[in-house]
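Chemist: Okay, here's what each chain looks like letter by letter:
There are 2 protein chains.
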Amino acid sequence: MEYLRSFLPENRILVGANISPDYARDELGAVESAPDVLVRPQSAEEVSKILSYANERLLPVVTRGAGTGLVGGAVAVSGGFMLETTLMNRIVELDERNMAVTVEPGVLLMDLSKYVQDRGYMYPPDPGETSATIGGNISTNAGGMRAVKYGVTRDYVLSLTAVLPTGEIETFGSKVVKNSSGYSIKDLLIGSEGTLAVIVGATLRVIPLPSEIVSLLVPFPTFRAAVSTVPELIRSGTDPTAVEFLTREVISLAEDYLGKRFPRIEGDTALLLTYDGFSAQELRERMDKASELCIEKGAYDVFIVDTEERRAAVWTARGAFLEAIKSSTTQFDECDVVVPRSKVADFTECVNELSGRIGLRIPYFGHAGDGNLHVYFCRDGLEETLWEKKLQEGFDVLYTKAVELGGMVSGEHGIGFAKRDYLAQRLGPNQMELMRRIKKAFDPNGILNPQKVCT
Amino acid sequence: MEYLRSFLPENRILVGANISPDYARDELGAVESAPDVLVRPQSAEEVSKILSYANERLLPVVTRGAGTGLVGGAVAVSGGFMLETTLMNRIVELDERNMAVTVEPGVLLMDLSKYVQDRGYMYPPDPGETSATIGGNISTNAGGMRAVKYGVTRDYVLSLTAVLPTGEIETFGSKVVKNSSGYSIKDLLIGSEGTLAVIVGATLRVIPLPSEIVSLLVPFPTFRAAVSTVPELIRSGTDPTAVEFLTREVISLAEDYLGKRFPRIEGDTALLLTYDGFSAQELRERMDKASELCIEKGAYDVFIVDTEERRAAVWTARGAFLEAIKSSTTQFDECDVVVPRSKVADFTECVNELSGRIGLRIPYFGHAGDGNLHVYFCRDGLEETLWEKKLQEGFDVLYTKAVELGGMVSGEHGIGFAKRDYLAQRLGPNQMELMRRIKKAFDPNGILNPQKVCT
Numbered sequence: 120m121e122y123l124r125s126f127l128p129e130n131r132i133l134v135g136a137n138i139s140p141d142y143a144r145d146e147l148g149a150v151e152s153a154p155d156v157l158v159r160p161q162s163a164e165e166v167s168k169i170l171s172y173a174n175e176r177l178l179p180v181v182t183r184g185a186g187t188g189l190v191g192g193a194v195a196v197s198g199g200f201m202l203e204t205t206l207m208n209r210i211v212e213l214d215e216r217n218m219a220v221t222v223e224p225g226v227l228l229m230d231l232s233k234y235v236q237d238r239g240y241m242y243p244p245d246p247g248e249t250s251a252t253i254g255g256n257i258s259t260n261a262g263g264m265r266a267v268k269y270g271v272t273r274d275y276v277l278s279l280t281a282v283l284p285t286g287e288i289e290t291f292g293s294k295v296v297k298n299s300s301g302y303s304i305k306d307l308l309i310g311s312e313g314t315l316a317v318i319v320g321a322t323l324r325v326i327p328l329p330s331e332i333v334s335l336l337v338p339f340p341t342f343r344a345a346v347s348t349v350p351e352l353i354r355s356g357t358d359p360t361a362v363e364f365l366t367r368e369v370i371s372l373a374e375d376y377l378g379k380r381f382p383r384i385e386g387d388t389a390l391l392l393t394y395d396g397f398s399a400q401e402l403r404e405r406m407d408k409a410s411e412l413c414i415e416k417g418a419y420d421v422f423i424v425d426t427e428e429r430r431a432a433v434w435t436a437r438g439a440f441l442e443a444i445k446s447s448t449t450q451f452d453e454c455d456v457v458v459p460r461s462k463v464a465d466f467t468e469c470v471n472e473l474s475g476r477i478g479l480r481i482p483y484f485g486h487a488g489d490g491n492l493h494v495y496f497c498r499d500g501l502e503e504t505l506w507e508k509k510l511q512e513g514f515d516v517l518y519t520k521a522v523e524l525g526g527m528v529s530g531e532h533g534i535g536f537a538k539r540d541y542l543a544q545r546l547g548p549n550q551m552e553l554m555r556r557i558k559k560a561f562d563p564n565g566i567l568n569p570q571k572v573c574t
Numbered sequence: 120m121e122y123l124r125s126f127l128p129e130n131r132i133l134v135g136a137n138i139s140p141d142y143a144r145d146e147l148g149a150v151e152s153a154p155d156v157l158v159r160p161q162s163a164e165e166v167s168k169i170l171s172y173a174n175e176r177l178l179p180v181v182t183r184g185a186g187t188g189l190v191g192g193a194v195a196v197s198g199g200f201m202l203e204t205t206l207m208n209r210i211v212e213l214d215e216r217n218m219a220v221t222v223e224p225g226v227l228l229m230d231l232s233k234y235v236q237d238r239g240y241m242y243p244p245d246p247g248e249t250s251a252t253i254g255g256n257i258s259t260n261a262g263g264m265r266a267v268k269y270g271v272t273r274d275y276v277l278s279l280t281a282v283l284p285t286g287e288i289e290t291f292g293s294k295v296v297k298n299s300s301g302y303s304i305k306d307l308l309i310g311s312e313g314t315l316a317v318i319v320g321a322t323l324r325v326i327p328l329p330s331e332i333v334s335l336l337v338p339f340p341t342f343r344a345a346v347s348t349v350p351e352l353i354r355s356g357t358d359p360t361a362v363e364f365l366t367r368e369v370i371s372l373a374e375d376y377l378g379k380r381f382p383r384i385e386g387d388t389a390l391l392l393t394y395d396g397f398s399a400q401e402l403r404e405r406m407d408k409a410s411e412l413c414i415e416k417g418a419y420d421v422f423i424v425d426t427e428e429r430r431a432a433v434w435t436a437r438g439a440f441l442e443a444i445k446s447s448t449t450q451f452d453e454c455d456v457v458v459p460r461s462k463v464a465d466f467t468e469c470v471n472e473l474s475g476r477i478g479l480r481i482p483y484f485g486h487a488g489d490g491n492l493h494v495y496f497c498r499d500g501l502e503e504t505l506w507e508k509k510l511q512e513g514f515d516v517l518y519t520k521a522v523e524l525g526g527m528v529s530g531e532h533g534i535g536f537a538k539r540d541y542l543a544q545r546l547g548p549n550q551m552e553l554m555r556r557i558k559k560a561f562d563p564n565g566i567l568n569p570q571k572v573c574t
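Residue numbers (the working numbering), protein chains in the order written: chain A, 120 to 574; chain B, 120 to 574.
All clues given are correct.
Note: identical chains are not told apart, hence a pair may lie in one copy or across any two.
Restricting the straight-line Cα-Cα distance to at most 35 Å, the calculated cross-link-like pairs of lysine-lysine (DSBU-like) are:
id: 1; residue 1: 233; residue 2: 268
id: 2; residue 1: 416; residue 2: 233
id: 3; residue 1: 408; residue 2: 268
id: 4; residue 1: 520; residue 2: 168
In short, the hints are calculated from the structure, not lab data.
Predicted model only: the values in this text are computed from it and were never measured.
Working from the sequences, and respecting the hints, build out all of it.
Modeler: Quick look at the structure:
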């Protein structure tokens, strides 16, 4: 404490009962553990001092952004220091000639998006949780809806500045858009969930802001009819920005949660397609082609989401899915699998079958365009031991199925604390051993976010 | 030898004088060293057997594709085994529903491109050297002209199957397009130039083949006028596929080499813009916007490269630049720097100034759209010691300048054997130490491609 006080003001160091219980959990709250000391650094140099101190004394250091994670990645399961980055929230520079924005890690995604949008640019990754920090987004390689057209966070990180456990501040990558200069340490840090280094800055690629954006709501009789259209849509060259699926069940939950009606549509499942571009006419051509294809594949109709009222109704509902499911039950846990785009219906059939068999409500929604599904086990009135037992069985069945279909255990939420066993099952001992050796190459004393990902 | 003969036919094991001298060098030929044994494996299992054998006996193993590299990456500078992959050249599967093609590493880029193109798809990366293998492309994270719109090899690798030094065959990644499941070892292998594992298979993302492709040839009075237009073009939302610059000097070399005239154009430098898409009209709108912008920025004119004759003249010349420079001199060496897009003219000014000062001809061409320049030192009639001295000085000046401008020492050719010192200068001791530790995590005995990249 004396050491911390030598370079940090009192109000940015919190200890014991002064630490809000919020810092002991993330958004899902499945794992709880408070840090011993919460520090709110404002600069890379402060982070450096804390890390080198902790490294010498073998004290755990967990980095946390806005705490919106769902897998316990930013929970201090071994106690120690928590570095909370939300005071490092400056947008340092927008370099318009190189289309690059440089930010501190605590900038919120919503603030970054608005900042660049106001200046005519788009930062394409758009995870549903826009109150997340960009540092957290990078640490989990966050995806979001627009991944179908634009890719994920990884595709927009030009460079990262990070502090190594020994306190050195290093910048990996630069503003260049092509690079073949040694191992891509930048790509290793992306998605490493704070276990290799602490990200203190990032330069991100932005693109020209499309002038036209339109969504289509396309109801289908069945889930399988809807999602089996998706590979065709992607292949058609109509280049959708986002392709979400919306089931009747989850739409109803959102209606209940919001107290608002969703546009009345037939059938069991709808696709929500978004198109963007710079020419209204060209956009119309692509949407016409997409609409025809959907009708051919059995869609009841294609509704253009163009009035303000309809747009609000559709997108408010879509944005409320997670909260709606959460508020519909007493407790829930989630599975963020990703499967090849062609296997989505095979996976959800397995979910439905599982739900019937173990008698657990398991709603899901997700990104049909990239095979990334968010599946929620709902406890409802279930007694605790039984809930734990069914949850365990459910996870086992679904992750096994994901692997069988050539999928991965996490599409965008990460592994954190909660999904380590499933990662190990998916990747096997050789790959886990490689990860542990990489971890050791960066953090030989194991101080960074212990008990996460591969340790 | 006895061990190799136990599972390989005689004609796929070559020793000593039976090894063609071609295998002692790459395309540039600046470094020469023959392997002791050349093996031509046909399967991952054969690679596995050779690696585990070499690993136990601490014998060097260099993997080589088509040998089109320019930095000595595939030269056996420490002798030992050379694994030549061109017999592993099967296209294993085209999964149209997931837009993924699975290949062996020895497939040539030109064969892959044609295969997917014939079926209505495009594999976007397009390095100039299409007789390179896809394994080599992945190992250097090859870029190419279309990187402006489509990105580089890294952006199209969904999964890699690789053999570890101990012989284990592991697949990193899968057909999924979103992934947040532990450290991205796949991204670490991409660009690692055969120093971490031997790539024996890859699943690559393809996209729908654009139906329309048009190029524009845009002459400008000066180099600076031409390249300073590029950031505006990128920012304009006209979404060019490729933006090349062509200097008068290099055009002349190509004319001499080919014995064919390039279309007559005014000025010192031309931009060669390519646009592609699915709607001819929309393409025309984007090209009109781009043309206006170029004229505003001082272009003499904008020529649509639309007749077969003109297309052949322009693209044959562009494709012959490297060979034309090579044949114009007695010996040459190259510098494949990448700088932020806005800094290209600052860099080439430094090249011109250097050329005048040390009296060396230094032609260059490259990718204006992504700041990646190929700069060639030409020996011409120079005496050897003086050539070596001037070359050394030239490299020092240019790499120092690239770093000063926020660039990197290689945009797409890699580090290999030749550029290690410059990489170390650019990245500093901490990052080099991290790379060496990563190397050790994969290859503790240091058998894979020794003396390359960071060792």
